[in-house]
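Spelled out, the chains give:
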Amino acid sequence: MKKAINLNVNGVSRTDEVEPRMLLVHYLRDILELTGTHVGCETSLCGACTVMLDGQAVKSCTVFAVQADGGNVTTIEGLAKNGELHPVQEGFWEKHGLQCGYCTPGMIVTAAQLLDRNADPSREEICHGLEGNLCRCTGYQHIIEAVQYAAKKAGQA
Amino acid sequence: MTNNYVGKRVKRTEDPRLIRGLAHYVDDISLPNTLHVAFVRSIYAHAKINSIDTSAALAAPGVVAVYTGKDVADKIGPVPCAGALPDLKVPDHRVLAKDKVYFVGHPIAAVVAKDRYAARDAVDLVMVDYEDLPVVTDVEAAAAGGPVIHDSFSDNIAYRLTSGEGDIDAAFAAADRTVKQRILHRRLAPIAMEPRGVLARYFPGEEELTIWSSTQIPHLMRTQVALMIGIPENKLRVITPEVGGGFGSKLNVYSEEALLGWISMQLGKPVKWIETRRENIQATIHGRGQVGDIEVAIKNDGTVLGLRYSVFADMGAYHQLLTPAIPTLTGLMLSGAYRIPAIQMNITACFTNKMATDAYRGAGRPEATYVVERAFDLVAAELGMDPAEVRRKNFPAASEFPFHTATGLDYDSGDYETALNKAQEIAGYAALREEQKKAREEGRLIGIGVSTYVEICALGPSQAMPAGGWESATVRIEPTGKVTVLTGASPHGQGQETSFAQIAADELGVKINDVTVIHGDTGVVQYGIGTFGSRATAVGGTAVFVAIQKLKEKAHKIATHMLQADATRVSFEGGKYSLQAAAAASATGTSEPVVPVAEAPAAALPEPQTEGKTSLTIQDIALAAHIAKELPPDTEPGLSATYFFEPKNFTFPFGTHICVVEVDRETGDIKFLRYVAVDDCGKVINPMLVDGQVHGGIVQSIGQAMFEEVVYDEQGQLVTGTLMDYAVPRASHVPNFELDRTETPSPVNPLGVKGVGEAGTIGATPAIVGAIVDALAPFGVKHLDMPIKPENVWRIINGH
Amino acid sequence: MIPAQFDYKAPATLDEAVALLNSDLDGAKILAGGHSLIPAMKLRLAQPQLLVDIARIKSLAYIREEGDQILIGATTTHYQLESSDLLKQICPLLPECAKSIGDVQVRNKGTIGGSIAHSDPAGDWPAAVLALDADLVLVGPNGERTVKAENFFVDLLTTDLQPGEILREIRIKKPSGKFGHAYQKVPHPASGFAVVGVAVNLTLNDDRSCKSAGIGITGVGVKAYRAKAVETALAGTTLDDNAVGAAVTHVCDGIDPNADLYASSDYRCHLAQVHTRRAIQAAKARVQ
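Residue numbers (this note's numbering), protein chains in the order written: chain A, 1 to 157; chain B, 158 to 957; chain C, 958 to 1245.
Be a bit skeptical, because a hint or two may be false.
Below, simulated EDC-like cross-link-like pairs (lysine to aspartate or glutamate); rule was C-alpha separation at most 16 Å, straight line [to be verified]: (1) B:Lys426 <-> B:Asp326; (2) A:Lys3 <-> C:Asp1198; (3) B:Lys271 <-> A:Asp30; (4) C:Lys966 <-> A:Asp30; (5) B:Lys165 <-> A:Glu124; (6) C:Lys966 <-> A:Glu124; (7) C:Lys1056 <-> A:Glu124; (8) B:Lys168 <-> A:Asp116; (9) C:Lys1056 <-> A:Glu90.
Examples of chain A residues lying across from chain C (beta carbon under 10 Å, computed) [unchecked claim]: (10) Asn8; (11) Gly11; (12) Gly70; (13) Thr74; (14) Thr110; (15) Leu114.
It is worth saying that the hints were derived from the structure and are not from the lab. Note that the Cβ used here is the ideal one computed from N, Cα and C, for glycine as well.
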């Protein structure tokens, strides 16, 4: 029943045989050992598993690996380029946008998507853009400030 | 010491690994040949198990073993309860149900298979024959009689307790009026974003077991699990890798931790179990769960004479580690921020067919603050006074500290009025009241809630704790000058890798990057208590601080010897021991560090070079202490000190929260207009971390006040079993917070810190509820129970 | 978290997909964005034997004008609809509705066809396609047929889709003349699904009286429905406060409103009335 899949993950080509029921998040974590992408719920709500699939933020717990066949995946591990943090990563560090860090990879990937689509979001737009990501530690205020920081930083670049 | 880091907004040293996805939580650790465990859990709240048929599961591909309660009953000891109260009933709770299940989610069988898929598939193949038993879900009904959950007991009452000081009857006799209110504290699910998880690996040759667990208390868990499964404690190593939040839910010893360790010993292979979110809501402890009646005796001028709180506390089906202790913490904090001469707390704690309650962020104290603050709002309403003024009237003055309460505590330090004044000033309180008046005239419903809370932190003196209230630290300077701090605290998001490094760097006069804080590994760190009760910095940080002083005493001795000076002439400043006469000269110049701090590998340790020097860095001394050729007589080599800090008292942070809401008349929707919080957590090590703790706490309060509630139906079925039903606040649910601080140092520890981990969940609910109730005051509303949903509001406005 | 085993096929054409679906009528399920189906599978509430993934059929994702119609392919994602400049101009109800669905990740992957075919009683799209009086094009082993949205939603999670049929396209008559759209939603604080969702498609006469109103309601009943009594009551009125106020009292006519922990039946009905009124007023204000 295994299916062959071909993906490009963080710039590296991968070919594997997987069971159809293997979720993309488990493929990334268990097969590729990219454990930065987390699982926080069973119901596609918490967003901890968010990755970019073909340039779009998706919940990798709600995509089977076979569905991603032929796709381009960017995980949190692939966000920094040439050792330089993505502006959103920098914002989270600078503004204390994380505490336990568990929701953080998904939050950062989603925020990166948000800024891709809207370079200068309002507070309300940031909140709307992060609707699919739960954080139980920060109370969101520092996360919002982190995204604002990243927007400003990216705007200056 | 220097002042480069403490008190400053230092970016976290934890973050680079976390923001790049390179940190390791339990499920991120993979060992070769790991077997995976999945649990068969009860679908009934109360039932007899007639039989369990595991044959189909055992025959399924990939399945290695299936264990049931019968297999482990005489192999693994009961799940421990550390609560020691007079006449406490402690059910014999085993890691797997044996004859009976008594809550939905009660583990019945553990399926072990070669991968997660096979384990999960086989769970569906285990056939359990249940026989329904009558279900007890309501805590008051449980107290009143009816079906008994545990056959070994005659009723469902776990314990009764009365506490408090002062003549409560006299207080009520002398009162002009009394104010009463029934108050519900619903069950909450902690929902740490990382569910629990355990990985266990037994090494048969060494007879050693390592358990990686997402826990807040690695050492306490080691002791308990060692006892449960009968392995010598020093053959068990517990490692907490990155822990994705706890909020008290991981301040526990759970069935799965012992069971996984035991299974690994049976099978000789690593075994892993990662909790699903449904399991997490079913079988990780819940918080709160009280139904109480508050009664306050007052004078017509607003003076409070006495307070009585009689509460039914829902223990759930059995005790986890601290289950019975939680309501007693409520009793301790019933004096709030006020002078109340007589206080009485009556607890009736009962078993119900639900998951155990235990410590959830605040752990009993939010309940106390909430009832006291609600009571003060009711007093204000009764007397037509401003709620802030009733509070002010009953504050002890700053000069009265240490302040003794009728709950038997001595508040360490406080200045409640200054915090209230500051919050009122930031909020523009008087103007807000004007605005509210005007809005009401226009038919708009604006409400202002005030909460002046005190909490109890830095848990705590060992005398007051079930098992040790101290914390430990070892600080050592390695030969290369790197500073290693081993703390018994076990941070899981709070940021103590940074704040403890700030303390160490300043005390030792080194760069923060030279300090590494290690925690959460019983194989490396001396025994410790862990992180909970807002204790890590006040108790654990103090241990670090004192250990450094010890280390410096020795370093001073060595420095004196090496500088060939009289001890009194050598002083420590900016990381250097200097001859005082020469101090002025060298203060302006920069001395070359003798120990290379760069990372370039060196073939051999350099020789300490002291000749002609008038000063030595503490890092020079560390090298000399390890080379040990130039030590004073009778001095141990090495430069390391360990300290176990036993606090003399708790600490008592406080503050004022002011919340402003507007409700939509038509829909009952509640909108935040302002949220001002002035918190006083004593001295602040890192203001950025403190803000983060406050934000997070307030948002958990918003959840409690407006959304969150673990609901069981009458059959004990969990209605809010997934995050589709159990609402955790999202970004769009929260207002912009306006934070400020006052700083009243604690005299309890040399750092002057108090703790801030729970302030938000303690201070905020009364402010939020107070605001909503205040908005609805024109409709004669005096109290509403949480969670206050739009429908509740709509019903009041529209008289439904 | 782990679904039961199944087989997976990703046909290249719709005909192949129909054939695969018909090869196992009991066990096969269509997979598009998967955002209703996969969560159900992870909880093992759904255990299909075969998933037929139609998301790879490129020709099924489109938004285009054809004559006086707007044609939307079934696997068009919520985000494609939300961000479509064409739709913002000619049928703004669709992007507005899309924007309120779930969250950005869900909108990036979830599809309009999946949502309609699943017919969740609290899904957003059913309300919009009802308000727009859309036609749904279904394809099965015996060819194509077209069903009015109104007749498509049959009962709780039940549609007019027959075994072996696939929803292929949504066809909407291009709004013309003086029209205004609005979608109002009360999201459940946990799930984000609609406690109440109201889609309004309003057309005015030249004198700005109400020519017609299409009103789709979700979240309230076992299935999304058209609030016909409200539509009728609005027609011909000037849409003044009194007329709208009177009309919306009929929003739950003939419906037994849902009740859950968040909203009782009468509160839910009240919310439906309030938000229908607000949506009508918003739509009216947007009429050019």
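Okay, the hints, checked on the actual structure:
no.: 1; hint: B:Lys426 <-> B:Asp326; verdict: 63 Å, violated
no.: 2; hint: A:Lys3 <-> C:Asp1198; verdict: 60 Å, violated
no.: 3; hint: B:Lys271 <-> A:Asp30; verdict: 14 Å, holds
no.: 4; hint: C:Lys966 <-> A:Asp30; verdict: 23 Å, violated
no.: 5; hint: B:Lys165 <-> A:Glu124; verdict: 30 Å, violated
no.: 6; hint: C:Lys966 <-> A:Glu124; verdict: 41 Å, violated
no.: 7; hint: C:Lys1056 <-> A:Glu124; verdict: 14 Å, holds
no.: 8; hint: B:Lys168 <-> A:Asp116; verdict: 26 Å, violated
no.: 9; hint: C:Lys1056 <-> A:Glu90; verdict: 29 Å, violated
no.: 10; hint: Asn8; verdict: 17 Å, violated
no.: 11; hint: Gly11; verdict: 21 Å, violated
no.: 12; hint: Gly70; verdict: 9 Å, holds
no.: 13; hint: Thr74; verdict: 13 Å, violated
no.: 14; hint: Thr110; verdict: 7 Å, holds
no.: 15; hint: Leu114; verdict: 7 Å, holds
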